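Undergrad: In the order they appear, the protein sequences are chains A and B.
In terms of our numbering, the first sequence opens at residue 1 and continues consecutively.
In terms of our numbering, the second sequence opens at residue 687 and continues consecutively.
There may be inaccurate statements among the hints.
Straight-line C-alpha distance at most 30 Å; calculated DSBU-like pairs for lysine-lysine [said to hold, decoys possible]:
(1) A:K615 / A:K559
(2) A:K561 / B:K725
(3) A:K561 / A:K615
(4) B:K725 / B:K766
(5) A:K615 / B:K725
(6) A:K31 / A:K163
(7) A:K285 / A:K506
(8) B:K725 / A:K559
(9) B:K760 / B:K725
(10) B:K811 / A:K285
(11) A:K506 / A:K445
(12) A:K506 / A:K114
In short, the hints are calculated from the structure, not lab data.
Predicted model only: the values in this text are computed from it and were never measured.
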Amino acid sequence: MIADFGYGILVVTFLLSLYSVGAAVLGALNKSTAIVESARRAMLLTWPLLTLSSLALIYLLVNNHYEVEFVYQVTSRSMPTYLKITALWGGQSGSLVFWSWLMSAFASLVTLRKWDRDREFLPWVIAVASLTMAFFLAMNVLFENPFARFWQTAAGVEAYTFKPANALPFAPQDGRGLNPLLRHIGMVIHPPMLYLGFVSFVIPYAFAIAALITGRTDDRWIRLTRRWTLWAWLFLALGLVLGGRWAYDVLGWGGYWGWDPVEVAAFIPWLIGTAFLHSVMIQEKRGMFKQWNMFLIVLTYCAVIYGTFVTRSGLLSSVHAFAQSAIGPMFAVYLSLISIGSVALIIWRWGDLSSDIELKSVFSRESLFLINNFLFLTLAFICYLGMNFPLVAEIITNQRVTVGPIWYERITAPLFAALMFLMGVAPLSAWGNSTLRTLGRAIWKPAVVSLGITTVLFFTYTRNAIALTGFFLVSFVILVSLYEYWRGARARQTSQGENFFVAFWKLTARNPRRYGGYFVHISMMLMAIGILGIELFQVETQGTVQVDQSINLGGYTVKYKDIAQFPGPDGRQVTRAVVSVYQGDQYISELHPRIDYYFESQQSMTIPGQRPTLKDDLYILLVAWEPVSTAGATFKIFVNPLINWLWIGSILFSAGILIAALIPDRSRAAVREKKSVQVAQTSAAD
Amino acid sequence: MKRYPLISLLVLILALGITGTVLAQDVRPTDDEVNAIAKQLYCPVCENTPLDVCPTEACREWREQIRAMLAEGKSEEEIKQFFVEYYGARVLSEPPRQGFNWVIYIVPPLVILAGAGILFMGLRKWVTPDDPGHDRGAKEAPGTADEENEYLARIEKELLGKD
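One chain only, chain A, in its complex shape (with noise of 0.2 Å):
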């Protein structure tokens, strides 16, 4: 009945969706308000449609019925209520009815929002958003439906969505349950950030698509999504960082990230959209490379698109999934519409879209943005080479292959590494016009003062060189930045007559934007040092020790104390030691490292017992694949240094996001008008 009652739901959205694409179109076409305002009033309604489609849902998950097979795959009786509400995105299609209901939540946003000066964008802005949420209904509707329940033929147990001749419903006595993996706070988290991240990036691509067919290619419509991009890219990286965090905390092999593709195909689209944040800045400010902000942003949404499809596909996996994927296809056709169309509408916009490009010296800002945005699609690129290129062996050569982090990491650490000058760099340029001279004056005391710590680490703490350019390249931006905001401050201070402190804080909230970004900058330089450190001075050893035995890393040395097995909460049974770390002789602290195992997936989870600290993270885990008991139990040991660095930059990096998103940017208002100005005169003039 309420599975029945939320399918119906999400084919009325998904017809509702297709009729809003419709109406906008036909409204735009015919130029009537009222044929538009009802495909904005069908865009608005989609919203509580599927609010009340994914409660129908959660109401399943959380009521056990498993005569449903999403809740049978995603749920049992024995996970506490908040799992079961959030196993809605532990399953392929809850997850999809979650990115609709994101999705529409975030186009009624934008369509509650006051168009007066847009009005022509609403229609195209609203055909978009509904154009996207339709396919991923369409995908719920006919193909991954959460709703199908379980039904008794003749044949064997099937799910369908409607009742099969001569077929008796069935309903298990218990679900599945959720994959343990995923039963952690951070993957509770991370796939809803992911979401959000991809969806918001759906917001400033429909506001293109919108300028190029209605011809208002200036930059009006970076202006309007400016925020919705910052909101993207945040929730894109809090996503990234969560995955890597729940990585490190549950899977057990003592990193963060392991160039899997699923990674990989989550990784592009931040690249992408770290492009087109900065190269939007040039079009704002030189009111030049329009062609490219545009192909820049099709390229995030289609990267957005094929991240989802990748991941949800199980294309990468191997071909033979990808074929059996109902949704597969689905989703390579639209991507190859969507690109398809998009190219065509910059290419009919061409003309328009070109402007003057004159830029007055190789080293002026935007030339070294445009730097940026080669660097940044490099990356791009490789990553979706290495991401797709088993698949291609797999076709052509009909032999698998793995691409592993040890190439990625060879042909990135590179490019990398020039991303990092480039932050040292950049941020002294001028906007306009740079010489090599007046670049040089500004960065000679950072720089100077960088080699000097250099240097320092040199002779305390490492001779790698590959440890040492890195560490420069960090001390020189984070150095930079804070140059820059003390000369910013000074210069507050001396012609405002204010306080250094509240020349600070004015100057930030003057341009959030650009101090904002420093702050990112420096917190991105926290976590290089953190990847730095785990990257090159991991150390770990492996060990079968009795109890009072100990084994020695990096300076600790970890004896095993206890061990104890007792039944946990959630259907798990807790396998738990106890170790006393030392350092040296002198005793620090206890830690539990453990296996959780689970009767009813069969599946085992490994805790580590974690020690963090600035220097670095002790890091115990209890062997699952060996017995244990207090006559032997193997433990292995990693000691990752300043790995702390890469958490705390991450935390700091969004406070550095919020500033840019959340402060009103009010040096703006005054540019605005004085565009508009200078817009109205040069039409004058044509």
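Fit chain B to the known structure of chain A by using the hints.
TA: Coordinates of chain B only, in the frame set by chain A:
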């Protein structure tokens, strides 16, 4: 094909250290010696999981296989070769450098070079050195004697919204 030269070295040193204390007089290759090789191989059945961390029973046996081969005195290369012959090239952490696989090694440097080339050509075409009579679109005043003052002026201008 050293994967992590530094880490391998450290692992080796540690392995020697532990051999001396924990597993004295044991000729059985240590877990660290086994993992040093398993780390470079991928689980033949699971997706993208290095063999040293894969919890499945099959992988446990494969690690024991490595241990047995090490005890027989097989070299790292021989062991890796053995796994490739049995389970295919997918057990290696990157595609073997042969045939079609060269694509993945040749394309990225080519793309970087081509991109850099295009960028260079573009910059050469677009960059017109400043010339006072042709200064449309320039936001900043051309270089003055005192760079610091120029910077302060720029910041003030930007902050007052005159940029």
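Undergrad: If a hint holds in the structure, say so; if it doesn't, say that too.
TA: Evaluated hints:
1. With a C-alpha separation of about 21 Å, the suggested pair K615 (chain A) and K559 (chain A) falls inside the 30 Å cut-off, and the hint holds.
2. For the proposed pair K561 (chain A) and K725 (chain B), the alpha carbon gap of about 29 Å is at most 30 Å, so the pair holds.
3. Our distance criterion of 30 Å between C-alpha atoms is met by K561 (chain A) and K615 (chain A), whose separation comes to about 25 Å.
4. The suggested pairing of K725 (chain B) with K766 (chain B) holds, with an alpha-carbon distance near 11 Å, which does not exceed 30 Å.
5. For the hint pairing K615 (chain A) with K725 (chain B), the CA-to-CA distance comes to about 25 Å; that is within 30 Å, so the pair holds.
6. Using a Cα cut-off of 30 Å, the hinted pair K31 (chain A) and K163 (chain A) is violated, with the two alpha carbons roughly 46 Å apart.
7. A threshold of 30 Å between alpha carbons decides the hint, and for K285 (chain A) with K506 (chain A) the separation of about 22 Å falls inside it, so the pair holds.
8. Restraint check for K725 (chain B) and K559 (chain A): the C-alpha separation of about 25 Å stays at or below 30 Å, so the hint holds.
9. Of the supplied pair hints, the one linking K760 (chain B) and K725 (chain B) holds, its CA atoms being roughly 17 Å apart against a limit of 30 Å.
10. At most 30 Å may separate the alpha-carbon atoms for a hinted pair to count; K811 (chain B) and K285 (chain A) meet this at roughly 20 Å.
11. Under the criterion of a C-alpha separation no larger than 30 Å, the hint pairing K506 (chain A) with K445 (chain A) is consistent with the structure, at around 25 Å.
12. With a C-alpha separation of about 29 Å, the suggested pairing of K506 (chain A) with K114 (chain A) holds against the 30 Å cut-off.
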